[in-house]
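Please model the complete structure; the sequences and the hints are all you need to start from.
Protein chains in written order, with our numbering: chain A, 6 to 162; chain B, 6 to 162.
Derived from the structure by calculation, the hints contain no laboratory data. Among the clues, some could well be false.
Identical copies look the same in the list; a pair holds intra-copy or inter-copy alike.
Said to hold, decoys possible - In the DSS-like style, the derived pairs of lysine-lysine whose C-alpha atoms are separated by at most 30 Å in a straight line are:
#	residue 1	residue 2
1	Lys118	Lys11
2	Lys124	Lys11
3	Lys42	Lys101
4	Lys124	Lys101
There are 2 protein chains.
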Amino acid sequence: MTVPFKQRYFEDYQVGETAEFGDYPITEREIVEFASKYDPQPFHVDPEAGARTIYGGLISSGWMTGSVMMRMLVDHFISPLSSMGSPGIDEVRWHKPVRPGDRLHMRVTILEKRRSESKPDRGVIRVLQEAVNQDGDTVMSFRGMGMYKCRDAAAPG
Amino acid sequence: MTVPFKQRYFEDYQVGETAEFGDYPITEREIVEFASKYDPQPFHVDPEAGARTIYGGLISSGWMTGSVMMRMLVDHFISPLSSMGSPGIDEVRWHKPVRPGDRLHMRVTILEKRRSESKPDRGVIRVLQEAVNQDGDTVMSFRGMGMYKCRDAAAPG
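This is the structure we're talking about:
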């Protein structure tokens with residue numbers, strides 16, 4: 006029996022597993038609000054200025070798209086029973102612009118898991134995280150590392 | 006004569022150059038507001054719940070810290086004359102927690118530059134981006150790629 010993501014411990018993740026979840030509508034208002042605070046470049050805050058760039062219109066800040074991915078991961082994937090946070094992520098790529106009216110969901114693939122030798126009560130999971138739009142195109146991806154507690158800290162994972 | 010960052014084109018970046026800039030005070034209010042929307046894990050939204058975790062208190066979402074870095078980069082580093090956005094970033098690492106009361110600034114180091122062969126009017130700059138706190142500790146780092154227009158699209162850069 007597969008343990009639901011939000012109830013998992015380190016032992017429950019299986020390399021090769023994949024799943025899709027979430028549904029996040031992107032609005033012009035959120036793009037402009039986020040970028041006004043954190044990334045005020047013309048193509049993120051001004052639809053008319055954006056139209057004159059290579060992007061041809063307003064697009065989401067890459068940091069907003071990543072934050073939206075994080076929200077879907079917290080809602081549907083990261084287990085509050087065992088998650089100890091993340092030391093980092095690799096190969097962050099913005100493949101396609103994210104525009105007002107897009108709807109994003111997540112696709113996750115478990116790439117690797119390794120129990121800590123020095124701290125055997127936990128382990129690191131590596132997960133390919135992809136944000137996919139309504140056309141099935143991956144708009145952003147990264148490889149995330151997550152530290153998770155083991156259910157049974159005594160037995161090998 | 007060194008061209009100010011905000012007035013640069015591809016040709017103006019020198020490999021090995023380093024600079025520090027920005028001053029961003031981190032508040033409990035901003036940490037909680039950001040995380041309530043994008044990363045509602047207990048140690049990002051609730052000081053008391055955070056105190057019971059390995060972090061010992063409220064800490065910034067890693068995506069907020071990255072967004073704060075982006076704001077300082079837009080204000081002081083990225084040239085609106087030539088920037089064409091970023092295809093991605095690598096080796097994102099959260100080295101130390103960011104807490105309410107911290108003040109962050111940026112340290113950038115130009116690692117590499119390469120003019121595009123297929124599109125000789127532009128080139129990619131690779132930059133080590135570090136967020137440094139008031140104690141001089143690097144709290145977050147990544148290697149960013151930025152696409153920049155050339156001042157002289159005809160001559161080799």
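Of the numbered hints stated previously, which ones are contradicted by the structure, given in increasing order?
-> Structure breaks no hint.
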